[in-house]
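If you read the sequences in order, they're chains G, D and F.
Just so we're aligned: the first sequence equals residues 1 to 87 in this note's numbering.
Just so we're aligned: the second sequence equals residues 88 to 1055 in this note's numbering.
Just so we're aligned: the third sequence equals residues 1056 to 1290 in this note's numbering.
Worth double-checking, as some hints may not be accurate.
Covered stretches of chain G, going by a simulated chain D footprint (3 or more residues, C-beta under 8 Å) [unchecked claim]:
1) 29-38
2) 64-71
Some chain D residues flagged as far from chain F (calculated, every beta-carbon gap over 12 Å) [what the hints assert, rightly or not]:
3) Val-436
4) Arg-450
5) Val-980
6) Gln-984
7) Gly-1032
Derived by calculation from the structure, the hints in this document are not laboratory data.
Computed from a predicted model, the values in this text were never measured in an experiment.
Beta carbons are placed, not taken as given, at the ideal position from N, Cα and C, and that holds for glycine.
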Amino acid sequence: MMLIPCPWCGHRDAAEFAYLGEPSPRPDPSTATPEQWRGYLYLRDNVAGPVTERWYHRMGCRRRLLVERDTTTNEVRPHRSLVEEES
Amino acid sequence: MTPPRWRPSAAPSTMSMRLERQPDEVIDRDAPLTFTWNGRTFPAYAGDTIASALAACGVRVFSRSFKYHRPRGLLTASYLDPGCMVQVDDEPNVRGAHRLVEPGMRVSSQDTWPSLEVDVKAANQLVGRFLSAGFYYKTFMGPSRLWPAYEKVLERFAHGGEIPDLESYDRRRHHYDKRHAHPDVLVAGGGPAGMAAALAAAEAGATVLLVEEEHALGGHLRWGGDDVRSALAELRRQIEGTAAIEVLTDSVVLGRYDDNWVSVVQRGLPTVDERLVKARAKTLVVAAGLVERPYVFAGNDVPGVMLSTAVRRLIELHAVSPGRRAVVLRANPDGDAAVAALRRVGVEVVHVEDARRGGDIVRVRGRDRVRGVHLADGRRVACDLVVTATGWTAPVSLLTMAGVVPVYDARAARFRPDTTQLPDNILATGGVVGDGTLDELIAHGEATGRVAATRSAVVGRRWRAASPTAGGQVDSAAEPCEASPPALPVDPHPELFRARTHGIVDFSEDVSSSDLVTAVAEGYASAELAKRYTTATMGPVQGKLETVNVVAIVAEATGRSIQQTGTTTWRPPYAPVTLGALAGPEREPVRRSPLQAWHEQHGATPLVAGAWVRPDHYGDPAAEVRAVRDGVGLIDVTPIGKLELHGPDVPRLLNLVYVNRWSKLAIGRVRYGVMCAEDGVVLDDGVTARLAEHSYLMTTTSSGAATVWEWLESWLQTEHPEWQVHVTAVTTAYASINVAGPRSRELVRRVVPDVDLDPEAFPYMHVRTGSIAGVADCVLWRIGFTGELSYELHVPAGYGLHVWESLMAAGSDLGVRAFGVEAQRILRLEKGHLIVGQDTDGLTRAGSAGLDGLVKLDKEDFAGRPELVWQDRVADPPRLVALRTSDPTVVPVEGSQIVTDGSHIRGRITSSRMSPTLGRSVVLAQLDAPLADAGSKVTIAMVDGRRASAVVTEGLAQVDPEGERLHG
Amino acid sequence: MDDTTAVARSAISPAPPETVVAGWAVSGRRSTGALTLTDVSPLAKVAVRAGVDGAMSRALDVPFGRISRDVGALDGADAGLLVVGSGPGEWLVLGAPGAQATISERLGRLAERSTPGASADSGELVTVVDLTHGRALMRLTGPAAADLLARECAVDLTDAACPDGSALRTAVAGLATDIVRDDRDGTPSYLLHCERSSGQYLFDALLDAGTDLGVDVDGFTLTDPRGEPRATAHS
């Protein structure tokens, strides 16, 4: 089982987290075309190699976080911006 | 029906093959015991394996082979022995050459009929061509209707023993459990290199988990005799004296996964059959040793053909003579040692064939026992034991699981791991990477252990620095990874895989070298394809004995080199594991309301809904419905999800996640809301109350509580971190009781003295706080899912039972009655209230759930709005409707389809019940828009094939459509 | 209705004999075993949410992942008070049975002092929620406590990674659980805090997992270090 480096809790088993996939920015709902909106909903790059991913630490701090994972090796590093936000 | 497995025999068994006391024996001659084998009683000593005890009594046949049902004896006399899978009491597939015998143990051979000695399926040997390479694929072709018959045939031929029936299986007993471990260093293999690595790692400050497959540490030193006895004793003594080393014997490392997640199955525990150890090792040291490789020749599976290590184990560890007249084919010093051991204990070594000088054997004569051997020079020698020492296989599984590709070394006649490919957190030592003297192996183990400890310390510091619990240990100074120790020498070895005859390659699956040659001839010319076509390496031994021979024979048949042919892929598990060990103890989180004990005491039928255990009904759901319609009833609605929302920006959050408007909810008011996901599909619904200026209580469906909480957090954490809102999950901070029925106000008034319940003072869709039955800090809502006047009381959970019992007592003269989930489902269906997830599914958008009126598309933004806007413009989606069946007694099963033209599907029944209030069925359905107008007639295809007709009603509510009861 | 008749009940049914302590039905069982599990749900439990690095965080001065047994800022609330840094910008305050109102009130005052204007539409938002009834709380004590937890918890709880005074949230028996290391007289002791409705499940799971370690149920008394009410505490 992979370890996910939670920026708050440290290294934890991936089973503690929900996988949320690649970040997909929400288009401006007032101007988005159906194509843009459905791209936001459904389309992902799905590359073999380093991918930035969102995870949610469901069993721990309950924060969303970003990591960089190599999909060919499962090597995971904290993403450079560490967290999507945190006030 | 169990067929007789044995023929009774009166002859008492004696330990005729037991030798005098041996210096390294592991049996306890002061602890004799008896056990039974196929119904006959046999003597043994504590410390014997099942196989060694039987071999000591002269037993040579332990099983019948998989396809041809040929007699099989001991081959390796170790955990891997494919010839000795037995049934022990109610446990099938026990490795008889590994499992220690216990007093009174009932052991039997598996899958032989009528007996081990006379097995009718041995006739398969005569029809071998039908069972040749790929017989599964060739024989069982043909019409699919014959497959049930094929399966019966295949089942008869399958190995497997007998699993216990559930009645006799004691479910209270712990059969399996699990634990987690966090060693700095995990050493897989307790031979000299592994022991030395563990000691050196511990010396360097690491905690160590040392895992050994056998019952004792020592590896090949255990049968190494005088030269190594004191060295082994010293290593064991040091390990016993080292507190930082935890030793697991009779335990197998099953696999290595991401970030050194290492699974180990531990056996031989007093309290459980098996324990799964889930270890997160900072570094892993693989010290798996070497596995002796069988030689392929005609008759190589006849009982009495053994590997040199098997012979030495039997003699040195168990004081069992493996035979009386031996022929030895040897190619290495271990073969020499086997010859010496045989001679020392008085076995007549009638002939030694030395492969280093070109010697070879051709075939073994005999069927159920070795009678002689044909040598390469044409001579024939009579004997009852043939010993081979023809080469080694490095068990590289754990290393290949980390990405290492083994490379064939022709000089050493084995695949070796390229350790330069290993990640920093895995090291290897001992036989798996090289040869050497005992001193060299120990020195290499020590050097490896020191590096493992250093690297684990770096990992440990990195992990602790990232963890807030370690109290500010932020010493994360990166240290250079210490280089791996210099490589061990590798001894030359002659390449010996197959004699000039064909023999068995895979002893578990009964695959011969001619099967492999056939597979190649039929076009399955790669090792991976030949493996799957013949099932070689796919049995219980999982390739550890036979893979290299498979590769060598495929290489020979294709004319390629062994390196070009390459090995098959090693995947976890390293050894077969029971599903019970993987499943472990039953741990499924269960949620209970504070009132659940009351429900059980009052005859409730439990309903498991998600993790919740709820009362479905108390015996008569129709009576419960009538009690609510006519008087008053109580239902435990604690599982309703509850979230406390605090902060000035809560209205903005509510406006964003609900499809309707929330900006102007006044204090003391409650509003119904529906949430959609960003694709416009209905996510959840519930009511939210404003308790104070910045304080709200949101409810969700019982099953949607966690989803909604995460949904709110995702908006707050990603899209709007600037909003000031705190969400706290309080689902079971309150016991929630819905008091429903025309007399509910009368009842609630008796226990709520301080809140004015008059309809004008506390109208529908309002909220109040106050004391109930003396319990402060309660929340009262006037809402109603049942369609009746009702109050939902939220009580601090610890007082839930007190308030419930107070209500039951206070309402006894009103006929108050508890009702369950089933009655509530009927009541809401009569009223036409939808249930998200029941009347909607993962594709149902708001417009199809009868919620069109609620959706405020003119709101600036809310989750799912763009999709709902487009849907509103272009689509005419299915609609939620109520149906009235022509025959009032017909209750179409939920999921029944609505059809036109006989079979064209136009909709489906989402909810249906018989209504005790109306005396007819009440039905909700999703229906294509053109059919969904009131008065439209539809046909329902019932599951029994009949058709029922129904008409779409005006509105969804069948009871009190004007809502007079609700608002009363 | 007579107020005094209402006895609060924990999510965990008391092992016999049942008795009442501080208004809660608890187990009166006494164990002298080396490894004990006690339902300490009667303890007051109050959750605090505030900015990760805000004024309230500075005032509480308990970092995420650690606990404090001596919080000057909440003086006089309770002698056995324990403040747990339970999450980023999240604290859990435990105290004697019945002390939740006092604790909430003092936290509210602390919030007002440290974050003026918090209740207005600007400034730091501080939220105090009484979870006494909403959560189950149990205490596992004994030299083998970490061994038992290792049966059901994947996080390293050995001394180097999780010394006395640590706090973390993780899965225990598949359930999101706060683990608080709160040793008693040098003996390892862990408080386990979970959602109330699964309290009985977690309690049973730990007893089941620890059978061969000899885990035994011990009843609740006010001698729990977090259970000592202070003479000045009012309810």
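Here's how the hints hold up against the structure:
Counting residues of the segment 29-38 of chain G whose beta carbon lies closer than 8 Å to any beta carbon of chain D gives 5, which meets the minimum of three for the stated coverage. Note: the segment 64-71 of chain G has 1 residues with beta-carbon separation from chain D under 8 Å; the three-residue rule is not met and the coverage is violated. Separation of D/Val-436 from chain F is adequate, the least Cβ-Cβ distance of about 49 Å exceeding the 12 Å criterion. At roughly 53 Å, the least C-beta separation between D/Arg-450 and chain F is larger than 12 Å, which holds for a residue marked as non-interface.
Every CB of chain F is more than 12 Å from the CB of D/Val-980 (nearest about 32 Å), matching its label as outside the interface. Distance to chain F confirms D/Gln-984 as a non-interface residue, since its nearest Cβ pair spans about 38 Å, more than 12 Å. With a closest Cβ-Cβ approach of about 44 Å to chain F, D/Gly-1032 is found to remain outside the 12 Å limit, as its non-interface label requires.
Consistency note: the structure conflicts with earlier hint 2 alone.
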